[in-house]
Amino acid sequence: MKKLYEHSATELAAMLRAKDVSAVEITKATLGRIEEVESKVDAFLTVTAEQALQQAQQVDESIAAGKPLAPLAGIPVAIKDNICTKGVRTTCASRMLENFVPPYNATVMEKLAAQGAVLPGKLNMDEFAMGGSCENSYFKPTKNPWDTARVPGGSSGGSAASVASCEVPLALGSDTGGSIRCPASFCGIVGLKPTYGAVSRYGLVAFASSLDQIGPFGRTVDDVALLYRAICGHDPKDATSREAALGEVEAKVKGLRLGVPKEYFGDGISAEVKTAVYGAIETLKGLGADVVEISLPSTDYALAAYYIISSAEASSNLARYDGVKYGFSGRRDGTLNDLYLSTRSEGFGAEVKRRIMLGTHVLSSGYYDAYYKRAKLLQNVIAKEFADAFENCDLIVTPVNPTTAFKLGEKVSDPVQMYATDVCTVTVNIAGLPGLSLPCGTGEGGLPIGMQLIGPKFSEARLLSVAKSYETAVGGFAVKEM
Amino acid sequence: MNNNFETVIGLEVHAELNTKTKIFCGCENRFGAEVNTLCCPVCMGYPGTLPVLNQQVVESAVKMGHALNCTINGVTKQDRKNYFYPDLPKAYQISQFDVPLCEHGYLDVLVGEDVKRIGVTRIHIEEDAGKLIHDDSFDGTLCDYNRCGVPLIEIVSEPDLRSAEEAKAYLETITTILLYLGISDAKMQEGSVRCDVNVSVRPRGASEFGTRCEMKNVNSFGAVYRAILYEAERQMEVIAAGGTIHQETRRWDDPKNKSILMRSKEDAQDYRYFPDPDLLTFIVSDEKISALKASLPELPTEKTLRYVNDYSMQKVDAQLLSVNKARADFFDSAVELGGCEPKTVANWLVGDITRILNDRRIELTDTALTPQHLVEMIKLIDKGTISNTAAKTVLEEMMASGKAPQQIVEEKGLAQINDSSALVAIVDKVLADNPKAVEDYKNGKTNVAGFLVGQCMKASRGQGNPAALRDMVLAAIEKL
Amino acid sequence: MEIDVKHIAKLAKLDIPETELGKMEKELSSIVAMVEKLPELTSKESLLDPQNTMQLRPDEVKPSFPREEMLKNVPETAAGCLMVPKVVE
Chain A
459 MKKLYEHSAT ELAAMLRAKD VSAVEITKAT LGRIEEVESK VDAFLTVTAE QALQQAQQVD
519 ESIAAGKPLA PLAGIPVAIK DNICTKGVRT TCASRMLENF VPPYNATVME KLAAQGAVLP
579 GKLNMDEFAM GGSCENSYFK PTKNPWDTAR VPGGSSGGSA ASVASCEVPL ALGSDTGGSI
639 RCPASFCGIV GLKPTYGAVS RYGLVAFASS LDQIGPFGRT VDDVALLYRA ICGHDPKDAT
699 SREAALGEVE AKVKGLRLGV PKEYFGDGIS AEVKTAVYGA IETLKGLGAD VVEISLPSTD
759 YALAAYYIIS SAEASSNLAR YDGVKYGFSG RRDGTLNDLY LSTRSEGFGA EVKRRIMLGT
819 HVLSSGYYDA YYKRAKLLQN VIAKEFADAF ENCDLIVTPV NPTTAFKLGE KVSDPVQMYA
879 TDVCTVTVNI AGLPGLSLPC GTGEGGLPIG MQLIGPKFSE ARLLSVAKSY ETAVGGFAVK
939 EM
Chain B
16 MNNNFETVIG LEVHAELNTK TKIFCGCENR FGAEVNTLCC PVCMGYPGTL PVLNQQVVES
76 AVKMGHALNC TINGVTKQDR KNYFYPDLPK AYQISQFDVP LCEHGYLDVL VGEDVKRIGV
136 TRIHIEEDAG KLIHDDSFDG TLCDYNRCGV PLIEIVSEPD LRSAEEAKAY LETITTILLY
196 LGISDAKMQE GSVRCDVNVS VRPRGASEFG TRCEMKNVNS FGAVYRAILY EAERQMEVIA
256 AGGTIHQETR RWDDPKNKSI LMRSKEDAQD YRYFPDPDLL TFIVSDEKIS ALKASLPELP
316 TEKTLRYVND YSMQKVDAQL LSVNKARADF FDSAVELGGC EPKTVANWLV GDITRILNDR
376 RIELTDTALT PQHLVEMIKL IDKGTISNTA AKTVLEEMMA SGKAPQQIVE EKGLAQINDS
436 SALVAIVDKV LADNPKAVED YKNGKTNVAG FLVGQCMKAS RGQGNPAALR DMVLAAIEKL
Chain C
1148 MEIDVKHIAK LAKLDIPETE LGKMEKELSS IVAMVEKLPE LTSKESLLDP QNTMQLRPDE
1208 VKPSFPREEM LKNVPETAAG CLMVPKVVE
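Chains as they are written, first to last, in my numbering: chain A, 459 to 940; chain B, 16 to 495; chain C, 1148 to 1236.
Derived from the structure by calculation, the hints contain no laboratory data. We put the CB at the ideal spot given by N, CA and C, even for glycine. Mixed in with the good hints there might be a few duds.
What the hints assert, rightly or not - Partner residues are not named here, just some residues of chain B that face chain A (Cβ under 7 Å, in silico):
#  : residue
1  : 20
2  : 65
3  : 99
4  : 101
5  : 283
6  : 285
7  : 287
8  : 294
9  : 418
10 : 419
What the hints assert, rightly or not - Have a look at the derived ranges for each label pair, beta carbon to beta carbon:
#  : chain 1 : residue 1 : chain 2 : residue 2 : range
11 : B       : 312       : A       : 804       : 37 to 45 Å
12 : B       : 132       : A       : 791       : 30 to 38 Å
13 : A       : 845       : C       : 1233      : 40 to 48 Å
14 : C       : 1233      : B       : 300       : 45 to 53 Å
15 : B       : 119       : A       : 828       : 52 to 60 Å
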């Protein structure tokens, strides 16, 4: 008999409508589960139990009054701590914002609130979303539910771990270079990075403005679709946002052409990952898909271009943290410059400082053309390569991470090594395309392996339908018992 | 001033646009509010907030571009200028770097009797920073963010100005154009127009420019004039003493009449400009650009020259009229009605009417005076129905109540008394009351007649016809 | 290729201790080395993208936030303003 917290969001929504369970009961089960496993997982930075129960109570009152329910009514959705939640601490897992309470809500939060979704709490991440393992949090590292000696991936590590451990059915994360897809893959769940512009960034604490997107995590494809549908759409407060919507997702893969780019299956990818992904491709073939070999030659340069663009934008976005308006404030007994230096030196962690330094360097006088402009020009080349590839295929299949989840502490010492884990995911952010990560097998020790589906802009429906076909064919995705 | 040297000046004018809202958020764009009451998470640079560009800012800027004969870049973007300062919440200013909205323009400026063409390099849009308040009763410096995000246009001139006089005239014309277009309050004293002054000197006849110094904190037209004179002198003295001019930013201290070093080139900031990724390329359509051009009124310089040519006005008077758009519009309407001399209308406008407005610190539009009524009043004077003196009373009443002059004359009984028989009694009484004056006149002090006529005017409550009175007074004295 | 770490730190307002300068230089260099592999792409054009434009917003007033709310997160305030160490202009 399934525990309440083990159900998917889609199932819970049906149970609510069938009056088999109340919203308060769902929230209580969620809060209970969090209490049960948090010491092992460490996914949450803030748990908002009282607020959550109040929200659930309101939903139950609506049900009792016979009011129509929005799709996410009464469903707990945990939120990555770089998404501003009005009146609730939003730290970005940084000392710099340790006690910051935003006076306003991110647009995605307004949308969730309008649907009556429940906020159980804020989730751990790599500081300011910079990292691939969730070890760069100022507060604590989050653990992978599949093996708590290992990382859950990052930067949305808390989001992935909380969903994978059944603490919550749904979570929101953000993705700049793989920060949704990587942890989804390490934790054996489904994660979607939407097309750039499909989800409003208003209220998402900026890392790299031209690459960041908020996206959903769930244990099933339908759940991810449910959450994406609720958050996507044009927002007049975000000048980079576009019209986007999602209808019903039907499982479909027959007749679709799957592009397999050779550059993504090179020596850097472990044998077991390749095996799993090729295996999944075979399954999709069996379901009626055609496989096409394609080439994306600029993949080699994408990582470098990504680091230039993202650190340049980050160095500018993070300049506002100066101890004057909010957040951590350093020395006040000296000059203004002393305040700036002490605030930023003590408020930021090592990885954040490294990226700010790199970004400042690539934008500085004499280097702009050689680095930043060059990287932006390359961005156009990469985008065009994908567009050309999509002339010959309907979606592209690649691995997500080169390996399964590594051990805590294993990679922190070498930044370049850490950066190399992003090689399969960054191109998708650079090109602004949607990328979906879903489980496709396990490696040694039963550690999850994910595959990535990439589509043309605004093809989320297509990616989700292929994923749904696959999910059905393999009998659903395994959930970690904890 | 050393005649072997030539002064070269370039001006960077920042003008606050009078849009209803700030450039990137919906906060009200208003001067003089209580500190930090016109702020929101966007203009305060809170984490996660994003800018959205105000359409009206672009339109106002394009209008200015047309007024300064610029090419409009219909496809453009905004860039970040990165530096740290407490009045800059995001630690970058959103501005425009390499693709300004308008460029390659010029402005014809009246300098004394000449018209000089000054090149305009570019006009771009950007956001204003907050205000720092220095008050010794506090331990630190206070920051007011009301002004953060107020839209600015920056107008950069070519280094075509050659004297403090030219610079002042250029700045005044720019300010008048802003008022004509209705896109800015253009008040230097409130900071809605600010000017940075770049000055260099070079030997007369040299083709290369000298090294320039930039002066900030130049807060009035007069200050611009004085700052240029001082800085040119300072630079020439340095050169004369065998030194070289270093590229510097200096602060102008008007009370002390000198410029002080702020920062040198070595301390110069590296702003690390790059396109703002929160704002995409935007397009101003050709239709919109044309429509905005068609909406421009006749501009100050053109208007001044037209007044000089069409109405044989002195340049000084023409400028006095054209420098204030409301006054110029009023004048144009009045002249169009016809029936009196344009010069007369002009005289009343720049004379009595402006004096009254200045005394009361109000604008023409704050009064009830209409061009129609002014013309009618002038016609009454021309006909001799009222004297000039009485007209002043009529004018005051027209401005206050908006009544027609004819009506006012009747109500107040101001009609000029032209009829000699009516005036005889007045003349006789005045001469009787002032025997000494009569005596003086008879003894040869002929200018006493003016006094006697004045007394008659007084006695007639301004309604006497002065010319007629004068004749009568002289005739009466003869008889005595 | 030498990176002037001190200069970058000054621009970024980060205080990198003397003992860390060498390490930071090495880390930045290794990342930059990765970057040097980029193909030689140059362009005289500005980074404009007319195919990907944004909408502007109408000039309509929205209520500002109450001052107390905006100043709630400010570390030091005085007289309704944010306060910083004395700035010499």
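Hints versus structure:
| no. | hint | verdict |
| --- | --- | --- |
| 1 | 20 | violated, 33 Å |
| 2 | 65 | holds, 5 Å |
| 3 | 99 | holds, 6 Å |
| 4 | 101 | holds, 6 Å |
| 5 | 283 | violated, 10 Å |
| 6 | 285 | holds, 5 Å |
| 7 | 287 | holds, 4 Å |
| 8 | 294 | holds, 5 Å |
| 9 | 418 | violated, 51 Å |
| 10 | 419 | violated, 52 Å |
| 11 | B/312 x A/804: 37 to 45 Å | violated, 57 Å |
| 12 | B/132 x A/791: 30 to 38 Å | violated, 56 Å |
| 13 | A/845 x C/1233: 40 to 48 Å | violated, 55 Å |
| 14 | C/1233 x B/300: 45 to 53 Å | holds, 49 Å |
| 15 | B/119 x A/828: 52 to 60 Å | violated, 29 Å |
Consistency with the previously given hints fails for numbers 1, 5, 9, 10, 11, 12, 13 and 15, ordered from lowest to highest.
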